[in-house]
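Whole structure, please, built from the sequences with the hints as guidance.
What follows is each chain in one-letter form.
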Amino acid sequence: MFHDPVALQVIWNTLLIAVLKIIAGSIAPFAFALLLNEVRRMLFKRTVQSLVYLPHFINWVILGGILTDILSTNGLINQFLGWLGLNSIDFLQSGNWFRAILIISDVWKEFGFGTILYLAAMAGINPNMYEAADIDGANNFQKAIYMTIPAVIPIAIVLVTLSLGNILNAGFDQVFNMYNPLVYPKGDIIDTYVYRVGLQQGSFSLATAVGFFKSVIGFILIATTYRLAAKYANYRIF
Amino acid sequence: MLKLSLSDRVFRIVNHLFLALMAFLCILPMVHVLAVSLSSDYATTSYLVKFWPIGFNLDAYKTALDSNNFIVAFKVSVLRTLGGTLLTMFLTMLAAYSMSKDDRYFKGRTLYAWFFVFTMLFHGGLIPTYLVVQKSGLTNSIWALILPVAVNVFNVVLMMNFFRGIPKELEEASMIDGAGHFRVLFTIFFPISLPSIATLSLFTMVFHWNSWFDGMIYMNQADQFPLATFLQALIAGFDYTKIGLNPSDLEQLSERSLKSALMFIGIFPILLVYPFFAKVLR
Numbered sequence: 164m165f166h167d168p169v170a171l172q173v174i175w176n177t178l179l180i181a182v183l184k185i186i187a188g189s190i191a192p193f194a195f196a197l198l199l200n201e202v203r204r205m206l207f208k209r210t211v212q213s214l215v216y217l218p219h220f221i222n223w224v225i226l227g228g229i230l231t232d233i234l235s236t237n238g239l240i241n242q243f244l245g246w247l248g249l250n251s252i253d254f255l256q257s258g259n260w261f262r263a264i265l266i267i268s269d270v271w272k273e274f275g276f277g278t279i280l281y282l283a284a285m286a287g288i289n290p291n292m293y294e295a296a297d298i299d300g301a302n303n304f305q306k307a308i309y310m311t312i313p314a315v316i317p318i319a320i321v322l323v324t325l326s327l328g329n330i331l332n333a334g335f336d337q338v339f340n341m342y343n344p345l346v347y348p349k350g351d352i353i354d355t356y357v358y359r360v361g362l363q364q365g366s367f368s369l370a371t372a373v374g375f376f377k378s379v380i381g382f383i384l385i386a387t388t389y390r391l392a393a394k395y396a397n398y399r400i401f
Numbered sequence: 032m033l034k035l036s037l038s039d040r041v042f043r044i045v046n047h048l049f050l051a052l053m054a055f056l057c058i059l060p061m062v063h064v065l066a067v068s069l070s071s072d073y074a075t076t077s078y079l080v081k082f083w084p085i086g087f088n089l090d091a092y093k094t095a096l097d098s099n100n101f102i103v104a105f106k107v108s109v110l111r112t113l114g115g116t117l118l119t120m121f122l123t124m125l126a127a128y129s130m131s132k133d134d135r136y137f138k139g140r141t142l143y144a145w146f147f148v149f150t151m152l153f154h155g156g157l158i159p160t161y162l163v164v165q166k167s168g169l170t171n172s173i174w175a176l177i178l179p180v181a182v183n184v185f186n187v188v189l190m191m192n193f194f195r196g197i198p199k200e201l202e203e204a205s206m207i208d209g210a211g212h213f214r215v216l217f218t219i220f221f222p223i224s225l226p227s228i229a230t231l232s233l234f235t236m237v238f239h240w241n242s243w244f245d246g247m248i249y250m251n252q253a254d255q256f257p258l259a260t261f262l263q264a265l266i267a268g269f270d271y272t273k274i275g276l277n278p279s280d281l282e283q284l285s286e287r288s289l290k291s292a293l294m295f296i297g298i299f300p301i302l303l304v305y306p307f308f309a310k311v312l313r
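Protein sequences, first through last, are from chains A and B. Each residue of the first sequence is one higher than the one before, counting from 164 in our numbering. Each residue of the second sequence is one higher than the one before, counting from 32 in our numbering.
Per the computed footprint, the stretches of chain A lying under chain B, defined by three or more beta-carbons under 8 Å from a beta-carbon of chain B, are: (1) 193-203; (2) 214-226; (3) 233-240; (4) 269-280; (5) 354-362; (6) 370-378.
A few chain B residues that face chain A, going by a derived Cβ cut-off under 10 Å, partial list only: (7) Val237; (8) Asn241; (9) Ala259.
No lab work stands behind these hints, which were simulated from the structure alone. Glycine residues also receive a C-beta, built at the ideal position from the N, C-alpha and C atoms.
See the structure below:
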């Protein structure tokens with residue numbers, strides 16, 4: 164396995180895609196929850212919440228089908244680019260674009276659902292504190308920086324720490340439903356590789372070795388991050 | 032309420048616009064699919080449709096619903112969703128109830144708890160899992176879709192923490208009145224925790240409805256596929272024979288609108304339960 168250039172490339176792809184997803188997927192819900200927290204009109208806030216949660220509940224089979232359609236040469240996005248006077252881009256045929264699409268679409272699917280915990284924490288902040296800040300003359304920006312953010316930082320730390328356990332999970336469902344042989348060099352990940360080599364080509368031993376490698380690394384990471392979360396953020400699963 | 036400064040007012044407007052834009056971005060792709068599925072052959076093949084159907088018709092839905100394999104796949108999905116959710120919730124409650132007890136009442140509770148949690152931390156990987164299911168003789172039966180995912184440890188932990196919050200006095204009082212553990216679980220704990228059980232059930236149902244990979248690897252015949260696997264097979268390599276149609280039926284219908292119709296049918300049950308989620312989650 165460690166002499167197989169394809170397997171090494173696949174491990175590298177997995178790491179890169181997963182790390183970028185973790186970074187983008189940690190920032191987006193936090194920022195969105197902060198902005199949403201500034202909204203005072205409950206009807207507007209709830210409508211936005213209901214709409215952004217939706218993609219989380221739809222599986223990658225359907226989302227992959229939809230994205231493949233709107234990102235195709237004649238699809239919605241390229242029509243929009245054409246309207247702006249830009250050249251059309253083969254999003255799903257070029258490896259670099261494919262990686263970018265994986266990360267953007269993953270953030271798009273999950274950022275709304277990720278805001279739930281942050282919004283719950285923000286709702287728990289005592290409103291009297293905001294009133295006191297108002298009287299002291301703090302503006303919205305200052306209140307966000309000095310009150311809201313410090314209040315939700317502990318949760319953010321726990322979530323980011325725990326998400327480190329996903330460092331080798333680049334998202335099988337998503338990649339499997341969107342990739343094609345043209346983007347294998349940059350878009351193939353451990354899980355899709357294991358599936359193709361193991362279940363489709365029948366080399367059970369190589370596929371099991373690669374899969375087991377992933378499990379062991381994942382186990383070490385999760386065990387470590389749980390310890391870190393328990394130590395620094397006092398997080399316990401039970 | 033204090034008076035807003037100019038910068039605050041500008042921020043407020045920009046913020047509202049941005050949030051509204053993001054919210055629309057989250058549903059526009061689905062709206063597009065719906066519009067394509069309802070449009071005429073000409074409009075879809077020449078990519079004229081944006082967010083509103085052109086040449087409105089329901090032919091794609093008629094074709095999809097007329098095909099036998101589609102109905103079969105739909106039934107498999109409904110069966111696994113209902114059966115799987117019932118079994119999962121039953122097992123989750125049993126496991127959570129026993130592990131919510133103190134070490135003094137239930138010797139070895141911590142050991143059992145770690146036994147469960149370990150499966151959350153470590154997976155054998157795809158191939159070993161597949162071999163276990165295959166050697167157990169579950170392949171090609173609906174149990175392959177239900178049993179391997181019957182216990183979600185994360186839900187067990189959530190449920191267990193909820194059960195722990197229930198006052199001990201309730202349980203002790205009913206025990207004194209002669210109730211056994213099953214009676215305590217189903218007549219005391221169950222009604223108290225109904226809201227969280229309902230929430231977990233909803234998530235389990237959506238999980239089952241959306242699962243497609245297990246159907247793909249454990250089922251050999253297309254007529255045993257659940258709907259999500261069926262859709263995956265169709266979307267990935269658009270194969271008309273799988274849907275049980277002959278090509279002559281499709282002359283009046285573009286591939287794109289049929290695909291879109293199938294995708295929308297796949298989303299539809301989720302949209303039906305979605306109001307409950309929206310209510311629970313905010």
